[in-house]
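Protein chains in written order, with our numbering: chain Z, 1072 to 1464; chain H, 1072 to 1464.
Simulated from the structure, these hints should not be mistaken for lab results. It is possible that part of the hints are untrue.
Claimed, not checked - The following label-pair restraints were derived from C-beta to C-beta distances:
| id | chain 1 | residue 1 | chain 2 | residue 2 | range |
| --- | --- | --- | --- | --- | --- |
| 1 | Z | 1074 | H | 1136 | 41 to 49 Å |
| 2 | H | 1100 | Z | 1151 | 18 to 26 Å |
| 3 | Z | 1135 | H | 1104 | 54 to 62 Å |
Claimed, not checked - As a list, the in silico BS3-like pairs of lysine-lysine whose alpha-carbon atoms are at most 30 Å apart:
| id | chain 1 | residue 1 | chain 2 | residue 2 |
| --- | --- | --- | --- | --- |
| 4 | Z | 1243 | H | 1226 |
| 5 | Z | 1095 | H | 1201 |
| 6 | H | 1141 | Z | 1198 |
| 7 | H | 1196 | Z | 1196 |
| 8 | Z | 1243 | H | 1095 |
| 9 | Z | 1196 | Z | 1125 |
| 10 | H | 1243 | Z | 1104 |
| 11 | Z | 1095 | Z | 1298 |
| 12 | H | 1298 | H | 1432 |
| 13 | H | 1243 | Z | 1099 |
| 14 | H | 1198 | H | 1461 |
| 15 | H | 1099 | H | 1087 |
| 16 | H | 1423 | Z | 1099 |
| 17 | H | 1141 | Z | 1201 |
| 18 | H | 1433 | Z | 1243 |
| 19 | H | 1226 | Z | 1201 |
| 20 | Z | 1461 | Z | 1196 |
| 21 | Z | 1201 | H | 1198 |
| 22 | Z | 1104 | Z | 1198 |
| 23 | H | 1461 | Z | 1198 |
| 24 | Z | 1099 | H | 1125 |
| 25 | Z | 1423 | Z | 1141 |
| 26 | H | 1196 | Z | 1201 |
| 27 | Z | 1095 | H | 1243 |
| 28 | Z | 1098 | H | 1433 |
| 29 | H | 1461 | H | 1423 |
| 30 | H | 1433 | H | 1196 |
| 31 | H | 1098 | H | 1226 |
| 32 | Z | 1243 | Z | 1125 |
| 33 | Z | 1098 | H | 1099 |
| 34 | Z | 1098 | H | 1198 |
| 35 | H | 1201 | Z | 1098 |
| 36 | H | 1099 | Z | 1196 |
| 37 | H | 1141 | Z | 1099 |
Computed from a prediction, not measured in an experiment: that's the story for all the values here. For glycine and all other residues, C-beta sits at the position ideal for the given N, C-alpha and C.
Protein chains: 2
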Amino acid sequence: MDNFHFYSPTEFIFGKNTVIECGKYVKKYRGTKVLVHYGSGSAVRSGLIERVTKSLDLSGIEYVLLGGVKPNPRDTKVYEGIELCRRENIDFILSVGGGSCIDSSKAIAAGALYDGNFWDFYTGKAKIEKAVPVGTVLTIAAAGSEGSGASVITKEEGMLKRSTGSDLLRPKFSILDPELTETLSAYQTACGATDIMAHVFERYFTNTAEVEITDRLCEAVLLTMIKETPRVIADPHNYQARANIMWAGTVAHNDIVGVGRSQDWNSHAIEHELSGLYDCAHGAGLAVIMPAWMEYVYSHNVMRFAQMAVRIWGCEMNFVNPADTALNGIRRFRRFLFDIGMPINFEQLGAKEEDIPELVKKFGLGDGKTGGFVPLSTEDISNIYHIAAKTEI
Amino acid sequence: MDNFHFYSPTEFIFGKNTVIECGKYVKKYRGTKVLVHYGSGSAVRSGLIERVTKSLDLSGIEYVLLGGVKPNPRDTKVYEGIELCRRENIDFILSVGGGSCIDSSKAIAAGALYDGNFWDFYTGKAKIEKAVPVGTVLTIAAAGSEGSGASVITKEEGMLKRSTGSDLLRPKFSILDPELTETLSAYQTACGATDIMAHVFERYFTNTAEVEITDRLCEAVLLTMIKETPRVIADPHNYQARANIMWAGTVAHNDIVGVGRSQDWNSHAIEHELSGLYDCAHGAGLAVIMPAWMEYVYSHNVMRFAQMAVRIWGCEMNFVNPADTALNGIRRFRRFLFDIGMPINFEQLGAKEEDIPELVKKFGLGDGKTGGFVPLSTEDISNIYHIAAKTEI
Chain Z
1072 MDNFHFYSPT EFIFGKNTVI ECGKYVKKYR GTKVLVHYGS GSAVRSGLIE
1122 RVTKSLDLSG IEYVLLGGVK PNPRDTKVYE GIELCRRENI DFILSVGGGS
1172 CIDSSKAIAA GALYDGNFWD FYTGKAKIEK AVPVGTVLTI AAAGSEGSGA
1222 SVITKEEGML KRSTGSDLLR PKFSILDPEL TETLSAYQTA CGATDIMAHV
1272 FERYFTNTAE VEITDRLCEA VLLTMIKETP RVIADPHNYQ ARANIMWAGT
1322 VAHNDIVGVG RSQDWNSHAI EHELSGLYDC AHGAGLAVIM PAWMEYVYSH
1372 NVMRFAQMAV RIWGCEMNFV NPADTALNGI RRFRRFLFDI GMPINFEQLG
1422 AKEEDIPELV KKFGLGDGKT GGFVPLSTED ISNIYHIAAK TEI
Chain H
1072 MDNFHFYSPT EFIFGKNTVI ECGKYVKKYR GTKVLVHYGS GSAVRSGLIE
1122 RVTKSLDLSG IEYVLLGGVK PNPRDTKVYE GIELCRRENI DFILSVGGGS
1172 CIDSSKAIAA GALYDGNFWD FYTGKAKIEK AVPVGTVLTI AAAGSEGSGA
1222 SVITKEEGML KRSTGSDLLR PKFSILDPEL TETLSAYQTA CGATDIMAHV
1272 FERYFTNTAE VEITDRLCEA VLLTMIKETP RVIADPHNYQ ARANIMWAGT
1322 VAHNDIVGVG RSQDWNSHAI EHELSGLYDC AHGAGLAVIM PAWMEYVYSH
1372 NVMRFAQMAV RIWGCEMNFV NPADTALNGI RRFRRFLFDI GMPINFEQLG
1422 AKEEDIPELV KKFGLGDGKT GGFVPLSTED ISNIYHIAAK TEI
C-alpha cells in the first residue's frame, strides 16, 4: 500500500425531503448572498428551484439565479458566472443539478477569486489557491462531483474538455434526495450508472499490490450497482434502488475506493475526446470505451481481471486458463451495459470511425506516460478507439 | 434506506514516516500551544514522543506533556487534563496513542471549555457545544476513535463505563503510520482486530431493509480483516497487512459502513460492563460477547445471518435450512476469534459466571428498549452473559 492523504470534509444530507434544508446549511457555512446555479429548464419546471429559493428566503439569505448549464459544461457559462459573482458580491454558490452544474459551479468558485483567466486551472498553468464556498443540491447520480474536489469543463472553441482538482473545490455540503432522480429517463439513469462504475474501475486497475481494503470497497460499490441499476431501469420510481445508486455514486468518487495506490484514468481521458467532439453523454461514451480499454490492456495483469470477473461478475474461475476468466468478466461487463440500454460501439453512440485520427490528435496525451495501470502511446489509443468502434455483443 | 447525515471531516495522513508531519498539521489547524496526551511509557521509550515533539519544535509550536492514560481511560486523568489545559491556555490537543488515549483527549477537549463537570456529557445531562480541536497520532488499529466523534470514559468510582459523541469531537487530522503498530503484541493486535470487526457487525445487523451499499461496504471491511488479521498474527512485521488493518479500522468506525439504517450496539454495551468490572481489553470482551449475542438473536432474522455466513465466511447456503447456514457463520466467526488468540468464554477472559447478576445490574439499560436490531430485556442480557460464560469451541 502506498502512503496517502484522504480528506472528504463535505457534509452529506441524504434522503427524502431534504431539499428544504439548503437554507439552513448555506447559513451554517456563512453564505449571505448566494449564486443559485442550475442547468436546464426542468429544474424550474419541476418546481425544484422554487423549493430551493423558498428555503433560502426562510433563512433570510439573498440570492441571484444563473441557469443554462449544458451537459459537458462550457467555459462560456463559467465566464458569465464569474462576472455575476463579482458584480453581485456573491459569497456562496449553491449548485442545483448534476455533475455538469456542479463542475461549472466549482469553476466559477475558483475563477471569481482569481485575477487571471480561470482556464489556467484547467491547462495546469495556475494552481487554485482560493475559492468561493460551494454547496450542492444533487439531481443526478453519476459524476460524484458532489463529494469530490474535481471539475471538468469544455472550452467551447474547439470543444476541448479538460479537468482540474483541489480540496478547495470540495463542496461544504451536499443535499442528496433520491426522489429528485426519479424523473430521469432510463437512458440518463444508465449513463449515470455507467459513470459511477467507471469511477470505480479507474481505481480498481492498479499496479500497487496489497491494498485489499481498497479492492474490497471498490467491489462493494460495483456489486451494489450491478444489483440496483437494472431495478431502476425496470421501475424508475423504485426509491430504494435510486437511493442505493445515489449514495454509491458519491462513495465511488470521493476517493475512499481509491486510496493507497496508483489509479489509471485513461478511459476517462479517452472518452473525454468523444463527448468533447460529439457532445454525447459522458456515461454513454464510457460504455463504449471502457470495455474496449479492458480488452486492450487485460494481459498486463490477467489475474487482476480474473479477480474482477470472479468477485464482481460471479464468473467461475478457470484455474487452467485464467485469461479465459478475465475475458469472460469483460464480456459480462459489456453485456451488462448493453442490457441497461447503453451504446456499445461507435455507431450506437453516434461517433464515426473515420474521426479516430482527429480524436487521437486532440487527445494530445498519448505519449506513453499517462495512465497509472498501463501507460498508452498514441498508437495504443488509436487501437482502443478502433476496438470500441467495431464492437458487437 | 433511512434518511441520514454523514460527516467525516477528519484529514487522514496515512503511511510510513508520516509522524514527522504532525507539527505542520497542528499549525494548519491553528494550534499554538499543544497538550501532547499519551498513554504508557512505551510511547516515550520507543522514541515516538520525541519524534512528535521534535516535529512540533520545528514548526515553532509550544507544548506540554501529559502521559499516563490507561486502557479503559479514567475520568481521573480527564480531570487532570482539563485543569492542565486551563492553566496552560492550551488551544490544541495532540493525542499520541490508541483509542483510550484519543477518547481521553476528546473528553479533555470538551471538558476544558465547559463550566460544569465533563461527566455530564457521558450521562446525557449536558450536550457538547464546543471543544478544543484534537489531532491524533495513532498507535493501535482498533477503536476507530481517530475518525469518529465518539468517546468512552470509565468513572473510576464504581468503574462505570459510559460514552458520548459529537461532531465537535471529530479529530481535525489523524496521522496513521502502520509501522507504529508493529511493536504491538499478537494479543493486543487481535484485540484491536476484534474491536474493528465488532464495529462493523454492530452496523451490519439492522432492521432497515434495502441498504445494499452499506451492507456491501460492511462486508468489504470484514473480508479484509479476515484476510489480513491472521497474516499479522503470524508475522507482526508484515507492513502490508498492518496497513490494511489500520485503514480498515478507520473505515469501520467513521460510519461510512453504517449510514441509512438502524444499528444495534447491544454487544458493545454488554461488553462495557465486562471491561468495566474486570479491566480486561475491550476487544477480548467483545470476542466473548459478540458470538454469544449472535447465537441469542439470530432467529430474529435468519436470512441476514445466512447472508453474513455466505458473503463473509464463505459458507455454502443451505437452501432447505437457512438457520443451519446462519449458525455455521456464527461458529466460523467464533473459530476465527479463537484462532487469532482471543478468549471465547468467561474463564479465558478472567470473568466469573457468579458475577453475572452484578454485571446485569450495572448495565442498567436492559429495559427492552436498547439495541437497534433486537431490543433486550435484563433477562435477555443475563442469558447472553450465561451463553458467553460457558461457550466452548
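Each hint tested on the structure:
1. Z:1074 to H:1136: 41 to 49 Å: Taking Cβ atoms as reference, residue 1074 of chain Z and residue 1136 of chain H lie about 28 Å apart, which means the hint is violated.
2. H:1100 to Z:1151: 18 to 26 Å: violated, 37 Å
3. Z:1135 to H:1104: 54 to 62 Å: violated, 44 Å
4. Z:1243 to H:1226: violated, 38 Å
5. Z:1095 to H:1201: This hinted pair holds, its Cα atoms lying about 20 Å apart.
6. H:1141 to Z:1198: violated, 46 Å
7. H:1196 to Z:1196: Violated: residue 1196 of chain H and residue 1196 of chain Z sit about 55 Å apart, past 30 Å.
8. Z:1243 to H:1095: holds, 23 Å
9. Z:1196 to Z:1125: It is violated: about 40 Å lies between the C-alpha atoms, which goes past 30 Å.
10. H:1243 to Z:1104: Between residue 1243 of chain H and residue 1104 of chain Z the Cα gap is close to 28 Å, so the pair holds against 30 Å.
11. Z:1095 to Z:1298: Not satisfied, since the Cα-Cα distance of roughly 35 Å exceeds 30 Å.
12. H:1298 to H:1432: violated, 39 Å
13. H:1243 to Z:1099: holds, 18 Å
14. H:1198 to H:1461: violated, 40 Å
15. H:1099 to H:1087: holds, 21 Å
16. H:1423 to Z:1099: violated, 51 Å
17. H:1141 to Z:1201: violated, 43 Å
18. H:1433 to Z:1243: violated, 43 Å
19. H:1226 to Z:1201: Since the Cα atoms of residue 1226 of chain H and residue 1201 of chain Z sit roughly 46 Å apart, the hinted pair is violated (cutoff 30 Å).
20. Z:1461 to Z:1196: This hinted pair is violated, its Cα atoms lying about 38 Å apart.
21. Z:1201 to H:1198: Violated, at roughly 35 Å.
22. Z:1104 to Z:1198: holds, 26 Å
23. H:1461 to Z:1198: Violated, because 63 Å separates the two Cα atoms, which is more than 30 Å.
24. Z:1099 to H:1125: violated, 37 Å
25. Z:1423 to Z:1141: Distance ~23 Å between residue 1423 of chain Z and residue 1141 of chain Z Cα, so the pair holds.
26. H:1196 to Z:1201: Violated, because 42 Å separates the two Cα atoms, which is more than 30 Å.
27. Z:1095 to H:1243: holds, 23 Å
28. Z:1098 to H:1433: Status violated; Cα separation ~44 Å.
29. H:1461 to H:1423: This hinted pair holds, its Cα atoms lying about 10 Å apart.
30. H:1433 to H:1196: Status holds; Cα separation ~19 Å.
31. H:1098 to H:1226: violated, 33 Å
32. Z:1243 to Z:1125: holds, 20 Å
33. Z:1098 to H:1099: holds, 24 Å
34. Z:1098 to H:1198: Judged against 30 Å, a Cα distance of about 22 Å means the pair holds.
35. H:1201 to Z:1098: It holds: about 19 Å lies between the C-alpha atoms, which stays within 30 Å.
36. H:1099 to Z:1196: Answer holds: residue 1099 of chain H to residue 1196 of chain Z is near 26 Å, not above 30 Å.
37. H:1141 to Z:1099: violated, 38 Å
Violated hints, in rising order: 1, 2, 3, 4, 6, 7, 9, 11, 12, 14, 16, 17, 18, 19, 20, 21, 23, 24, 26, 28, 31, 37; the structure is consistent with all others.
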